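There are 2 protein chains.
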Amino acid sequence: MNPDTLTKIVKIGRKVDPIIFKTLAQASSSTFQSPVTYHFKTGGKRMRATLVLIACAACGGRIEDGMNPAALVEMIHNYSLVMDDLIDRGLVRRGKPTVRVKFGDSVALLIAMLYREALDDLIEKCISPNKTRAVAVQAMKDIIEGERLDIMFEQAGREDPYLKAHRTLNPSFALYIEMIGKKTAALFKAASQIGAYSGRANLRIIRSLGEFGWNAGLAFQIMDDVLDICGEETGKQIGKDIVEHKLGNAVILTALRYLPRPKKSEILTTLRSEKVSRAMLMRARQLVMETPAEKDCREIAGKYLLEAKAHLSVLGKSVYRDGLATLSEAIVSRTF
Amino acid sequence: MNPDTLTKIVKIGRKVDPIIFKTLAQASSSTFQSPVTYHFKTGGKRMRATLVLIACAACGGRIEDGMNPAALVEMIHNYSLVMDDLIDRGLVRRGKPTVRVKFGDSVALLIAMLYREALDDLIEKCISPNKTRAVAVQAMKDIIEGERLDIMFEQAGREDPYLKAHRTLNPSFALYIEMIGKKTAALFKAASQIGAYSGRANLRIIRSLGEFGWNAGLAFQIMDDVLDICGEETGKQIGKDIVEHKLGNAVILTALRYLPRPKKSEILTTLRSEKVSRAMLMRARQLVMETPAEKDCREIAGKYLLEAKAHLSVLGKSVYRDGLATLSEAIVSRTF
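These protein sequence lines map, in sequence, to chains E and V.
Under numbering that gives the first Met the number 0, the first sequence has 111 at position 112, and the numbering climbs by one with no breaks.
Under numbering that gives the first Met the number 0, the second sequence has 133 at position 134, and the numbering climbs by one with no breaks.
Hints are computed from structural coordinates only; laboratory data are not their basis.
Computed from a predicted model, the values in this text were never measured in an experiment.
Careful: at least some of the hints might be erroneous.
Note: identical chains are not told apart, hence a pair may lie in one copy or across any two.
[To be verified] Straight-line alpha carbon distances no greater than 27 Å define the calculated BS3-like cross-link-like pairs of lysine-lysine that follow:
{"no.": "1", "residue 1": "Lys245", "residue 2": "Lys101"}
{"no.": "2", "residue 1": "Lys124", "residue 2": "Lys263"}
{"no.": "3", "residue 1": "Lys274", "residue 2": "Lys101"}
{"no.": "4", "residue 1": "Lys263", "residue 2": "Lys274"}
{"no.": "5", "residue 1": "Lys124", "residue 2": "Lys95"}
{"no.": "6", "residue 1": "Lys163", "residue 2": "Lys40"}
{"no.": "7", "residue 1": "Lys95", "residue 2": "Lys245"}
Just chain E, same shape as in the assembly:
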């Protein structure tokens, strides 16, 4: 697929915005419109909406039939982002103040709760509301559980009594995969399946597209972890995961397996410090970069991406099937 086609794909996702704004207007009082819509006006790539739309088309469905489902998945994603910023006390997202900073924690919480009710209205407008709801609700349960596992991977920095008593001190890579599966891959899986429902796909195709989304989601999150520690591409603060005490990062976890005990302890001490200084961060990064962890993780992400694309073989040949492959590559490589 040439870059022009990719540009078109990117723009498709944005077509759900009018649906989202209309849904929010109907679900909330007129005086609350400006705070309720703010988050969606700060940007966002609508990556998951694009996934739903292309999956729908790849199953032989009409793009129009995928619009409400795509808006739904995007609403779920943004519901989780506003809540995530409350949990992480996030200040900036998409280069703008987070909802909680702009309006306050209490108001942000009410806005996120409203997204949860508004998305139910979108489910009613999907082609298979019952199946779509089952997948959407399961994805939201998974996101909640993934978020719980994620904050339990943190080694310091929160006052929550539950977390202090139940931190995950020595996680396996398998537990890490479980965490990112729920936190991130579950919604990619749901997006692909909901797209397939809108395209009236058969059960075999729905399952395969679910596997496609799941594996692409894992690859995406692992690359997100790689870029957090090793990258400069995203323009985000480098080593944010280290500053936020997160042991739930693929590169850190992999590096710890390579490093001799004293260096391993040094990284863990940094993660367990209430305040991680710039010097501590740079030293921890340097220790991680001494190992082949980045290369390993890029390879693991590559394998998940290959696995994802292999599941597309159940689909008939079409520009949209190729589009799904291109989209998954673009998502994982961050060229989307």
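Put chain V on the given structure of chain E with help from the hints.
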């Protein structure tokens, strides 16, 4: 209805607890059970569950058919309570530490989000899932809007930029009724209607029971306001609404209409003080008590209660119809 029958009614509501615990167990991972179930183990009268069950029976339904719907309404209520404690930074509820105090804000937020997904599983098990969902989702939208109006009635005490810029400085009694209608009465209305659905009632009865619940809910909230300022019956901290800067209290609003300008200003100054001292609280209470506001509000609550009971006339005579009347009286008078 004699006191024995009332005791039986009270105990009926508690029968939903096993359903709630089973639903939560199925919706969350085994290691999260203890935090997830804590809130329901701290007590609660299951007043709204009782309302669903008696409404179901009064429409000719079987109590068994009302069980999942009753558990659903109780789950909605408790979802809103955990969120409310996050918004109000609540420390104690039902004489026990709130979920946020016990486990931390982040974990409490995840628990509340999980309640929202778990209650969707309960909707699927109701007799009319689609109608029940429509009523339940509308009630949750109303609760969110009611909570927003409620915190906008506060005159100080929050850092949220949105609230600081949009406080309701001079509310009418009509706006107050709109606020408590959404915050409180909407769920009483939904409980009555969902009970009627489970009893397979016709549209006329469903509508009347909705009116019954709505009016009983308004009466309940107005009496809640009366007891906050004037009462000692509930064992709660007296004048909590004044300490929390809430102008959205029926008695305070009514008193302000009676008081001469200097005394009115004094109360407003107290509500607008960042820290309300014991002396300021007692003085504001005394000023309110000088007026007939308590008497007025008890009369208004009484009128809503009468209106509620009048709507029961569409039902055939039965011990359950009488039960609904008794229940509404007990709820409003706090003898439940």
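Looking at the structure, which of the earlier hints fail to hold?
-> Result: hints 2 and 5 break, sorted rising.
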